[in-house]
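Given next are the chains, with one letter for each unit.
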Amino acid sequence: MRCTKCGRRAVINLRAHRLALCERHFVERFLEVVERAIRRYSLMSRSSRVLVAVSGGKDSLALWDALTELGYRADGLYIDLGIRRQNYSRISKEKAEAFAEQRGLRLRVFNLKEEHGFAVPELRRGSREVCSVCGIVKRHVMNRVALEGSYHVLATGHNLDDEASVLLSNLLRWNLELLARQGPRAEAWHPKLLPKVKPLCLLTEKETATYALVRGIDYVYELECPFSAGATSIAMKEALNRIEEHSPGTKLYFYTQFLRHRTAFAGERPSAEAVECKNCGLPASGEVCSFCRLLLKSRLRGEKGDN
Amino acid sequence: MPATVKFRGSVREVEAGTRVDEVLAMLGLSRESVVARVGSRLVTEDYRLRDGDVLELIHAISGG
Ligand code: SF4
Ligand SMILES: [Zn+2]
Ligand SMILES: [Zn+2]
Chain A
1 MRCTKCGRRA VINLRAHRLA LCERHFVERF LEVVERAIRR YSLMSRSSRV LVAVSGGKDS
61 LALWDALTEL GYRADGLYID LGIRRQNYSR ISKEKAEAFA EQRGLRLRVF NLKEEHGFAV
121 PELRRGSREV CSVCGIVKRH VMNRVALEGS YHVLATGHNL DDEASVLLSN LLRWNLELLA
181 RQGPRAEAWH PKLLPKVKPL CLLTEKETAT YALVRGIDYV YELECPFSAG ATSIAMKEAL
241 NRIEEHSPGT KLYFYTQFLR HRTAFAGERP SAEAVECKNC GLPASGEVCS FCRLLLKSRL
301 RGEKGDN
Chain B
1 MPATVKFRGS VREVEAGTRV DEVLAMLGLS RESVVARVGS RLVTEDYRLR DGDVLELIHA
61 ISGG
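Going down the list, the protein sequences come from chains A and B.
Numbering follows my numbering, with no gaps: position 290 of the first sequence is 290.
Numbering follows my numbering, with no gaps: position 53 of the second sequence is 53.
Over 10 Å on every C-beta distance to chain B, these chain A residues come out as not near it, computed from the model: (1) S48; (2) R84; (3) E97; (4) R181; (5) A186; (6) P191; (7) L193; (8) P195; (9) R262.
Estimated spans, in silico, between C-beta atoms of each pair: (10) B:R50 with A:K113: 47 to 57 Å; (11) B:M26 with A:E187: 44 to 54 Å; (12) A:R8 with B:G17: 21 to 31 Å; (13) B:P2 with A:W174: 47 to 57 Å; (14) A:G286 with B:V54: 53 to 63 Å; (15) A:A188 with B:E13: 47 to 57 Å; (16) B:R50 with A:E129: 40 to 50 Å.
Derived by calculation from the structure, the hints in this document are not laboratory data.
The beta carbon of each residue, even a glycine, is placed where N, CA and C say it ideally should be.
Given the sequences, and given the hints that come with them, work out the whole structure.
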């Protein structure tokens with residue numbers, strides 16, 4: 001296949017856009033789409049200080065690379081969750097560090113075990129899945145580091161497949177509250193919270209993987225977090241990709257049209273009470289925030305989970 | 001000499017002349033979910049494998 005723009009050998013066929021592109025034109029278009037998402041959804045400005053949550057995977061590193069290429073001031077944050085199985089945390093941290101070093105970028109590393117005495121798998125208790133504990137930890141740490149470092153906005157590497165699959169599962173369960181909240185920009189509802197943005201939301205997972213490979217980004221592609229196996233999100237993604245095979249462009253249309261009509265769900269957003277956690281001072285829904293509650297419970301029990 | 005296909009730790013051989021999309025169909029994979037690479041070159045799904053080619057299918061879908 002030849003590049004639609006210049007006739008050179010194509011590296012990707014974007015059926016949704018009826019475009020085949022060579023390396024150079026693919027990278028050019030990728031950056032244009034990131035910029036388009038940033039403008040269309042008011043994600044950040046050139047003067048914003050951005051903190052990118054970096055996992056060592058393709059999406060977050062591609063995002064950090066693209067923002068830097070586009071001239072945004074972006075530092076990275078790697079949260080060491082302390083996942084020892086398959087050396088997941090160690091290897092992904094090495095990838096993030098090597099990326100930052102090669103490009104002369106600033107990476108902040110937060111080590112959960114060193115700071116609080118527990119790794120993510122050790123905080124898991126009873127029916128609480130590792131991933132839900134992990135989500136609480138990541139949200140808390142990201143916000144805290146961003147606040148302390150005086151950043152303006154937190155960016156994550158969520159791509160179109162992530163967004164469309166979450167949208168599908170929220171719709172299948174008619175979860176109106178989550179539908180009202182979903183989108184490329186989550187506003188800060190408290191002065192101690194930062195807005196969270198997803199500049200890759202218009203690009204598919206295949207596009208971000210291709211970008212990472214073309215740009216020579218060394219990411220963890222043979223290794224997935226050992227706790228992610230069997231995630232329902234993968235089933236949703238596969239279902240959407242089967243539809244995409246038949247009708248290219250469906251994922252993008254599904255997501256962008258949802259964003260246009262999202263106000264239909266706006267009434268479902270619960271009004272947030274601005275309370276601060278007694279322990280850490282960050283916004284909480286009760287006296288103590290969910291992160292501090294996790295830590296307190298683990299300390300009381302004393303025992304360690306399976307890591 | 002046939003061509004080699006690598007996917008998620010497994011290795012198999014296919015006849016030279018097989019197209020990448022035919023390999024994907026054989027493995028039950030959607031072209032949306034993998035990036036195809038021959039040596040250090042990324043290829044589109046119409047690429048025909050040659051003798052001695054090593055096709056690597058990089059899984060693009062992550063969970064979590
Ligand atoms: S898969 Fe689950 S445990 Fe692993 S990093 Fe993601 S949220 Fe955390
Ligand atoms: Zn071109
Ligand atoms: Zn707290």
